[in-house]
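Colleague: Protein chains in written order, with our numbering: chain L, 51 to 244; chain F, 51 to 244; chain R, 51 to 244; chain C, 51 to 244.
Careful, some of the hints might be misleading.
Pairs involving identical chains hold if they fit within one copy or between any two copies, as the list cannot separate such chains.
[Unchecked claim] List of simulated lysine to aspartate or glutamate pairs, DMTMM-like, C-alpha gap at most 25 Å:
no.: 1; residue 1: Lys61; residue 2: Glu153
no.: 2; residue 1: Lys240; residue 2: Glu123
no.: 3; residue 1: Lys240; residue 2: Asp218
no.: 4; residue 1: Lys240; residue 2: Asp157
no.: 5; residue 1: Lys61; residue 2: Asp216
no.: 6; residue 1: Lys240; residue 2: Glu104
no.: 7; residue 1: Lys61; residue 2: Glu95
no.: 8; residue 1: Lys240; residue 2: Glu81
no.: 9; residue 1: Lys61; residue 2: Asp110
no.: 10; residue 1: Lys61; residue 2: Asp218
no.: 11; residue 1: Lys240; residue 2: Asp156
no.: 12; residue 1: Lys240; residue 2: Glu83
no.: 13; residue 1: Lys240; residue 2: Asp94
no.: 14; residue 1: Lys240; residue 2: Glu159
no.: 15; residue 1: Lys240; residue 2: Glu222
no.: 16; residue 1: Lys61; residue 2: Asp94
Honestly, the hints are just simulated from the structure, not real lab data.
There are 4 protein chains.
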Amino acid sequence: MRATLLNCTLKRSPQPSNTERLLSVVRAALEREEVTTFTYRVVDENVFEGVASEPQGYGDGWPAIRAAIVSSEILVIATPTWLGQPSSVAKRVLERMDALISETGDDGEPIAYGRVAGFVVTGNEDGAHHVIAELAQGAIDIGFTVPGQAWTYWNMGPGPGPSYGDTDHGHEWSRRTGETAARNLVRTAKALTG
Amino acid sequence: MRATLLNCTLKRSPQPSNTERLLSVVRAALEREEVTTFTYRVVDENVFEGVASEPQGYGDGWPAIRAAIVSSEILVIATPTWLGQPSSVAKRVLERMDALISETGDDGEPIAYGRVAGFVVTGNEDGAHHVIAELAQGAIDIGFTVPGQAWTYWNMGPGPGPSYGDTDHGHEWSRRTGETAARNLVRTAKALTG
Amino acid sequence: MRATLLNCTLKRSPQPSNTERLLSVVRAALEREEVTTFTYRVVDENVFEGVASEPQGYGDGWPAIRAAIVSSEILVIATPTWLGQPSSVAKRVLERMDALISETGDDGEPIAYGRVAGFVVTGNEDGAHHVIAELAQGAIDIGFTVPGQAWTYWNMGPGPGPSYGDTDHGHEWSRRTGETAARNLVRTAKALTG
Amino acid sequence: MRATLLNCTLKRSPQPSNTERLLSVVRAALEREEVTTFTYRVVDENVFEGVASEPQGYGDGWPAIRAAIVSSEILVIATPTWLGQPSSVAKRVLERMDALISETGDDGEPIAYGRVAGFVVTGNEDGAHHVIAELAQGAIDIGFTVPGQAWTYWNMGPGPGPSYGDTDHGHEWSRRTGETAARNLVRTAKALTG
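Just chain L, same shape as in the assembly (with noise of 0.2 Å):
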């Protein structure tokens, strides 16, 4: 069983990214399912902007991702929280899944169809759940399946506060959580494959 995971910060690296640390909870989590992960920093993979599948410039990097995306059954989106929302490189990301409403696998099915998709979240202030829906909404229009509680966020209120890097505050919560999540999202994945 193969997961790609998608680090949506907008730091570039090496600037250490808080999405990271959390998204690593979950990753080791899969491996101990003996799932085999792939992870992309999208803002370092020079994704260009649209709505296909097919490159749009010289070194667009989305085919790779795509083909990562479109050959695991598990997909896990991660990203950091600005003003309540989800990344802008999240979006990206999801305007070029967007492509995948339309395309079909052997079977005359959409591509999407008997993958999962769980979340990660990270941010300064409030917003996790939110950022959860936007996702997840995305991901079910697409046709990826989302099992009960396949997320885990990291996101202290209220007003600005530390991120997750600063502080041991709730980390056991959300660890706890992210496990679950590879949990669910294995067992799930193993249901609709089986």
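Assemble the complex: chain L is given as a structure, and chains F, R and C must be docked to it using the hints.
Modeller: What follows is chains F, R and C alone, placed relative to chain L:
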């Protein structure tokens, strides 16, 4: 296989409900797949406000609906759109369902695990995608799995326009999409319970 | 200058309401600016479901609340957060207010024009920004002006945690932000009616 | 009086933009009210990702757009709808504008105070109300005032259908609503700066 269908219109019987009309398309498709369906028009059922499974007062209609939900593999929430958002009746349903987060079945798992949820939306103006996002996020939080493309809608923009029952525009698309939703719900429910 | 404040908690009196506690901070700030305030705990007022200004049955509490709204320059909607979303009581208020879209004042303009709306959100987990988005969009659709930074909230994540009344964490930020909101509401209302 | 209009289409020039077509209706209405307008097609301007006002690298187009925004009393964000949500380009604009939250003017107030924001949405399927909710909440967080009914849209459901430029359906409603939006933006901006 059983499905509980909740019509969250604001209109009490015997007023005609556009939401019921589109919901009936999904119900027929479920029944063709040999699913037994139970439909509640929630506004007729005297559901009290609150966030608990227990009766919130004498005559509270929620416990009966809750019993139907937890005896069904499939849940369909159908709602009209007001101001681009789900109805207050749909919100009241989600609030009462909030209690399910901490209730577990015989296997010690959250009681909604292994069940699927889908959505039907109508409205006389734009709004369905967001309504689906709200309902899906709530259902996923509670533990329901939302299959890919497990919804249909009929909303027409721009600006205020006809209701579903006033025109034939787009009925064919909404019907076909609703039949796909029914199929995806049944298939996923079977996979999860298999 | 007058302000109508709607507490959209699910809890009937005399149960303590966290939302009322934070709302009272904004109310005090408005009163210090010489605004006369009218507060309704909507769940106590027997507001019927519907989308009309007229009574929807015998004893419908909406017409009195509507009269307060249209006699006030300022509206504040306060709501708890359930599943990351506004309460069903807040939604019912928006639905009844939907009728204002087509009602006009003496000047022939939509009746909400020239009035301002602000928001107060509480919750025992993440969610405020989205709740504000829902309420603001509804109010703007209806014709209310929403001043910049005309809200405050108290929601703490990650995961379920204490309610506003259970801790002092962040109260100072929520109070200061609520006082700014009150000031921005009054200033904008004066500019619009000046 | 000045207005900055940001077209957040994903399509680079010289591709035709449906969003530009509807935005031009609002621009003409603003100009009839003697507002000087500055329009940016953001995707052509090489705006880097980030959450700061300062250039994020050589050739970053944001500082020029930011200068236009802070020299204008009116901001209009126009976006297409993808998967029922604002474009990634609109999200990138909001992210760069996030820095304005902590920037102050000569009066020591947040720099967006006293400025108004409005919205234009197009799409070949349902989604406008939610897009407006996202943009309005972001603008309000930053300090912009959003006047009542300060938006227009052209989205047609149910299901994928024509784009704005492909049909005349509803153009009259979108135009009239856009003219009302322009009037409300100008009137409110005058009141705030009066």
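Colleague: Would you mind marking each hint as holding or not holding in the structure?
Modeller: Right, here's what the structure says about each hint:
1. Within a single copy, Lys61 and Glu153 get their C-alpha atoms only as close as 31 Å, which misses the 25 Å cut-off; across copies the closest is 22 Å, which meets it.
2. With identical chains, the CA atoms of Lys240 and Glu123 are at most 25 Å apart both within one copy (9 Å) and between copies (18 Å).
3. Proximity of Lys240 and Asp218 under a CA criterion of 25 Å is satisfied in neither setting, with 34 Å inside one chain copy and 41 Å between copies.
4. In this assembly of identical chains, Lys240 and Asp157 lie within 25 Å of each other by CA distance both inside one copy and across copies; the values are 18 Å within and 19 Å between.
5. Taking identical chains as interchangeable, the C-alpha atoms of Lys61 and Asp216 lie at most 25 Å apart only when both belong to the same chain, with a minimum of 17 Å there against 37 Å between chains.
6. Neither within a single protomer nor between protomers do Lys240 and Glu104 lie at most 25 Å apart by alpha-carbon distance, with minima of 30 Å and 35 Å respectively.
7. For a Cα distance limit of 25 Å, the shortest separation of Lys61 from Glu95 qualifies both inside one copy, at 12 Å, and across copies, at 20 Å.
8. Proximity of Lys240 and Glu81 under a CA criterion of 25 Å is satisfied intra-copy only: 15 Å inside one chain copy versus 27 Å between copies.
9. For the homomeric pair Lys61 and Asp110, the shortest alpha-carbon distances inside one copy (19 Å) and between copies (15 Å) are both at most 25 Å.
10. Taking identical chains as interchangeable, the C-alpha atoms of Lys61 and Asp218 lie at most 25 Å apart only when both belong to the same chain, with a minimum of 22 Å there against 34 Å between chains.
11. For the identical chains of this complex, Lys240 and Asp156 are neighbours both inside a copy (19 Å) and across copies (22 Å), given an alpha-carbon limit of 25 Å.
12. Taking identical chains as interchangeable, the C-alpha atoms of Lys240 and Glu83 lie at most 25 Å apart whether they share a chain (11 Å) or sit on different chains (23 Å).
13. In this assembly of identical chains, the alpha carbons of Lys240 and Asp94 never lie at most 25 Å apart, being 31 Å within a copy and 40 Å across copies at closest.
14. Taking the closest pair of Cα atoms, Lys240 and Glu159 come within 25 Å of each other both inside a single copy (18 Å) and across two copies (18 Å).
15. Taking the shortest Cα distances, Lys240 and Glu222 never come within 25 Å of each other, neither inside one copy (27 Å) nor across copies (34 Å).
16. Both within a single protomer and between protomers do Lys61 and Asp94 lie at most 25 Å apart by alpha-carbon distance, with minima of 9 Å and 22 Å respectively.
Consistency note: the structure conflicts with the earlier hints numbered 3, 6, 13, 15.
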